[in-house]
Amino acid sequence: MSQTPYIYEDRRRSFLSCCYSFQEVLPGLLAMFFIAIFSNNLAGVPNPFTLENLFRYLDAVIGPINGQPLFQILNSNFVWNPFLLGLIIGNTFGVHDSWKRGLSYIHKLMPLGIIMLAPHFVFGHATKAGWAMIIFAFVIMVLTAQFTIWLGRRMGVDDRHAGDIAGALATGDPHVTAILMPMLKAKGGQVINALACVLLFGLIASFLLPLVGQLVGMKDEAFGLLSILGIGNTGQMYNAAFGYSYEAGRWAHYLEPVRHVIMPAGFLYVFFVLFLRSRINPDDPEIHATRPHKAVPLFVIIFIVCWILAQFHVFKEPAHLAIFEMVKWDFSLAAAALGLSLPLREIAQWGLRGFAITCIAGTARIVVLVAAIMAAVHFNWLTF
Amino acid sequence: MFFERRWKNLLIGAMVGASCLAGVPASGAETPHGLQPAADMPYIPDLGGLRARTFKNQYGQVRHLAESVVVRQSKVEGGKAHVPAGGLFYISETKEDAAPFMRDPFFVLGEHAYLVDLKSHRNTVRDVKVAKREKVLVDKAGYRLWFDFSTDHYDKPYIQLALIAPSGHWPLEFTVSDQFAHMEEIRKLDMKDGLNPQLIEYYLDPDYWYGASKFTVKSNDFDKATFDSLEYPVIDEATFSLSRPWVLDVRQEDFRWYGTKRIYAFRHPEGFLVRVTDFSGDKVLGEKLIRPVTPQGYKDRDDAKDEYFLSIPEENMRVEIMVQPEYLKHSDFTPWSNDVPYGWTDGLLSFVIYDDLVTVRNGEPWPLDPRYRVGLEANLLTGKLQRLILENAEPFTLDDSSNSFDGPIKYSEVWNRPAFKLVASGFDDKTVSEYYVRDAFFQRTDNMVFDGKKGRRDIDLFVGRAPTLIPILEDSFLTRLSDKTYGIVVQGSHFTTHPQAMDNMAFNAPDPTAPFGGLLRGFNRTNVKNRRGDALVSAEGLVIRGSYVDWRNDRIVIPRAGLFYTSRNGRNVRALRGESFYMLGRKAWIATFQSATFVRKDFDLDFWKLQPEGSLHPIYWQDVPLGENNKMLRFTDRKFLDDRAMGLVNVVKYSGNNFGAPFLLAQNLDPTDPGTRYSVHPMFGEGSTWIIPEFVGDNYMRIKEFGTPIIQNIQYTYTEPKRVLLGVGESAGLGVGTVKVLAFDEAAGTVTVEIADKDGKAETRVLGPLDEHARNLLPQHQDIVNRLQLVVGPLNDRVMAEMDIEKPFEDGKAALWTYVNLLYLENEKPLPTDSRFMVRSDVCGHCYQLNELLFDNSEEIVLDRNNPRYDGPKGADGKPIFSIVVDNFDGEMIHAWHIETVVRGRVFKSDNLAFNPRNNVDVLMGVNGTTEGFLRANMLERSAYQEYWRVGLHEHAKRGLDAWMAHKFQ
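The listed protein sequences correspond, in order, to chains A and B.
So in the numbering used here the end of the first sequence lands on 384, straight run, no missing numbers.
So in the numbering used here the end of the second sequence lands on 970, straight run, no missing numbers.
No lab work stands behind these hints: they were computed from the structure.
None of these values were measured; they are calculated from a predicted model.
Hints should not be assumed to be uniformly reliable.
Per label pair, the in silico range of CB-to-CB distance [as the list claims (entries may be wrong)]: (1) B:P868 x A:L309: 24 to 30 Å; (2) A:L352 x B:P395: 54 to 60 Å; (3) B:D871 x A:L309: 33 to 39 Å; (4) B:A957 x A:I304: 31 to 37 Å; (5) A:F138 x B:P868: 21 to 27 Å; (6) A:L208 x B:D428: 25 to 31 Å; (7) B:A957 x A:L208: 29 to 35 Å.
Cut-off 27 Å, straight-line C-alpha distance, at most; resulting in silico cross-link-like pairs (DSS-like, lysine-lysine) [claimed, not checked]: (8) B:K958 x A:K316; (9) B:K909 x A:K219; (10) B:K218 x B:K129; (11) B:K740 x B:K813; (12) A:K219 x B:K453; (13) B:K299 x B:K119; (14) B:K454 x B:K484; (15) B:K484 x A:K219; (16) B:K140 x B:K119; (17) A:K185 x A:K108; (18) B:K214 x B:K224; (19) B:K214 x B:K129; (20) B:K740 x B:K761; (21) B:K75 x B:K140; (22) A:K219 x B:K454.
The beta-carbon is built from N, C-alpha and C at its ideal position, and this holds for glycine as well.
Between the sequences and the hints, there should be enough to build the whole structure, so can you do that?
Laid out in structure tokens, this is it:
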């Protein structure tokens, strides 16, 4: 009989005693820390030698594309950078066993980061665009999510993978794959595979969309809306919009908060659809998403509460900015851990079907959007 | 909304640009020196290899440094871009100056260098002739004298000019004339504290003393001038150290190691005998008796500086001894600073050894690259180095086969290479479709052809943040900032924990990031002509200042005096000339006015210390009021010229704008004194505003007497005045009554006039005499003006007859101008048509005439969910001239608001003025001198943000000392 319960009881001081000891997690935490501070310009660390600065430098060497930095179009940001660095280090040099306990803190950091994101989504920021625009964006988002989940099922894609893609594609933010990771209990490989699918599709779409706009003769402001709802990912949608015209770029800037503030509704929608599905079908072996959750996770409830509070300006803008700096720290550490603990084969093992459903769902959305926006503008359902 | 802008843009170009175009032609087209790039040149504020940073010198004095690359006077022709010699230049600039013995930092092609030595002289150019609007070359180096404009007082001309350096920089426009009483005459005036009558004389000197420069006009009229002399500092040679200096404690009668050399210090009564030897101490490499350097400025004089350093050029070293503070506080060696004043109270004597020395000479080739010529430009005030210019010595062309031109070779720790490269491609016969600058680190700017379809006909550009951009943009900044090709530029606010709140915004400027709305229908901007046919731009505008979001109460607050309507002409509005202006949307004619001289004696003036409080809002408290809501006196800057404190004092107008350039005040800087290199008048006097200081210190002034005009009331009419010719006994209708000429005397210049009302009640007066004496004081002196006018009737329904001063008698009859329905506007009283607003007319500080009509809110304005709209001042028709409408406000951020006007039943709306979220509703709307003044104050920052706005990027975050400075002045 193992003596572990005895040892555990012996060491127990508080509920935190269930955690690994500091000595056990220190190597992993240090690895995450150093990757984080060499990836991003983080608050309180004036380190100029970061991947973020390297990308900025390369952006300046390459020159802007449609006025936008290339690495923003490629979605370089505080999640992508440490993940990339972690992935390279982990797959090149391997990860020592002593790091692994520390890296497991990703499971704490991810939910914490999600909670801290709540003040980022203030609904009032979008109301300047008008309710019609918000409802329009919301409907498109839900339809995209639902269609992608359905398509994933039809094409036999793991529901966690499909859910990740659905969330990211619907909200237009590839990082929703990371947000959905603890919610859906998705595997790291699925998350990164989904992120790559959405990024790649967005990249292609951001260069093709202006051609579509010109083909159908869209007005600048309508194209601004199309690029936001049809691509979403910030750098890529600005690339498309400014590639079309300065006016379209300006409108994309103006309307971007509409997509942004309804984002939580998008990933919560995916979570609840899949959560309910797993509760309704408890014995279905094909359903993996959210399965380990016995109830709605506490961090999701806290996030929702904080999100509601944010709507009442409980978190003022300076506080929001400060919290967002902490979000950057949190996700930088978590993404570093994810990168370190993810062999490339785990990303590859989920194959190309994810990319196929991304392309089909994304293209279908663009087709619907073009028709809907043209009609809405024609019949004055949407005013700019 | 956005797609309607291009035609508006054309309108702005036509209206605003028209006034600028006249300034473009210049003589001496053979050289681009002193000329600016094309008015529509692209401005890119940031390129990694061109640095813009703030440092401190060894005495803790702040030095703002910046580098730029400029192309000017280029053109594309025959599929090639032609750049003349001097058309492409690199500029390294300090906003202040750099002097020897101060360890003043300076950028040299991206390298952090220190200025260690200067050789300079004062250049004198004689008999310079210049015509209005001309930029005439005055020397071979390329300095130009620019005659910007002329105006008059008592019909005599005074003129405004600037001396432009070859780079295009000029510090200020100076005013001179040979036709008026000299300012020293002011001392003879006997004025009492408070209100005094209008001055008879107009005071202006024929020479302008500006520290190390002096400009003396021999003769001038309205269109041309001849200068007896132009004196300005020229720098012949500058030596920079490209490395941080070595600092070693001095040990007397002993030596310190410096690499393989020994440096001995032997104490003597007058300093140290410093000896530099080789490793063994046997071979003396250099030896000199030198005195320790302390911060007194006179030590860098040519006849004094030799005592303070040992230079050994063959060893590439220069040795000084200075008092080194214990922890190098205030230097850029350590990031912190405290408020130890200029100079050190204690410290150790240390050797300061500069190496990596580079000496450059004005007008000679750059040592590493003879394709470039060196230009060293002095600060015209201090005579110290302000700009290092490296310009192409020969013309060059770019075309598709040879599409790049290397910048000057830079010194580098790694390898000496071109500091930048100018690249252009995609030529057709007359246009180019792409050009950009790539720096020494291979980073590039965006393509500077913003409209790819049209291309550009030149490759002019300005990249970087050198302050020379500001004078370069003087002719074009209004057109550029009101360019709505990309909509109204709206910079997002910086949200802070506590709002920046002021109870009363009088004399304060709006938020520097307040959107500038440019022209909007409903705010008139048009040319009006007076009886002489002089065309003057008359324009209305709106300014909101000091507004804030009170998020605790879910409301937006505009404090008292926070919202004002402004109406202003191109110059002051004069009586007896039939001059008109806009009054709340309607054209009005001025009839008469009442002004006085306000004098304040024996008061203290503190240096204006702008400091942030805990929430980082700038706070200040040292303004001295000059009359009730008339003007403020503000001591804004100080310098030491040969160790004499010199203060720069601004007279601040009610609107928050400055009255002209700052006044220089100093004592004992008389050019006849051989002990000083500088000339600054011991008093200031221009027109009718003067300051006589009793004491000028670096932190405090005692003012003996200050005087400036103040306007009390005006009378105006919306009905155009009519000219009538009346013989003796003849009469004409005047409102409901009549005007009759009873007698006149052409020789004496008098007309006896009778004005009778409808009841036959008459008032008689002899107008005139309009003789030589009167003409010498016209049209500005109100006593003479009043003598030529007869005003009768009840207040706000008066009529008036005045003599025609241009042609008083014609065909044996007297010529009179008649006015009806005169309205009375008194300063500091509620606006008659809308008591929510107060009248705060601004007077011309030169001439007592009406300068600006300004109506502001007397009570706080609150905008919230229940009151999202506020109507501006109402005119005679009872309708507001504009309305403020808040469209979307979430209690913390303003997401959408606009200004609305109604013209002939049509509603005109501005763009969303919170396109990026704002925490205030500060705004500049309309284009007149007042909005222009606020724009000019932060032209560089606005121009830079315009570029971020164009491509939708965020402004770079400031770091270190720059971030702190930005906090202080935001």
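Do the hints match the structure? See the list:
| no. | hint | in the structure |
| --- | --- | --- |
| 1 | B:P868 x A:L309: 24 to 30 Å | holds (26 Å) |
| 2 | A:L352 x B:P395: 54 to 60 Å | holds (59 Å) |
| 3 | B:D871 x A:L309: 33 to 39 Å | holds (37 Å) |
| 4 | B:A957 x A:I304: 31 to 37 Å | holds (33 Å) |
| 5 | A:F138 x B:P868: 21 to 27 Å | holds (26 Å) |
| 6 | A:L208 x B:D428: 25 to 31 Å | holds (29 Å) |
| 7 | B:A957 x A:L208: 29 to 35 Å | holds (34 Å) |
| 8 | B:K958 x A:K316 | holds (23 Å) |
| 9 | B:K909 x A:K219 | holds (21 Å) |
| 10 | B:K218 x B:K129 | holds (10 Å) |
| 11 | B:K740 x B:K813 | holds (12 Å) |
| 12 | A:K219 x B:K453 | holds (19 Å) |
| 13 | B:K299 x B:K119 | holds (13 Å) |
| 14 | B:K454 x B:K484 | holds (18 Å) |
| 15 | B:K484 x A:K219 | holds (19 Å) |
| 16 | B:K140 x B:K119 | holds (19 Å) |
| 17 | A:K185 x A:K108 | holds (13 Å) |
| 18 | B:K214 x B:K224 | holds (19 Å) |
| 19 | B:K214 x B:K129 | holds (16 Å) |
| 20 | B:K740 x B:K761 | holds (13 Å) |
| 21 | B:K75 x B:K140 | holds (24 Å) |
| 22 | A:K219 x B:K454 | holds (21 Å) |
Going down the numbered hints, you'll see the structure goes against none, and every one checks out.
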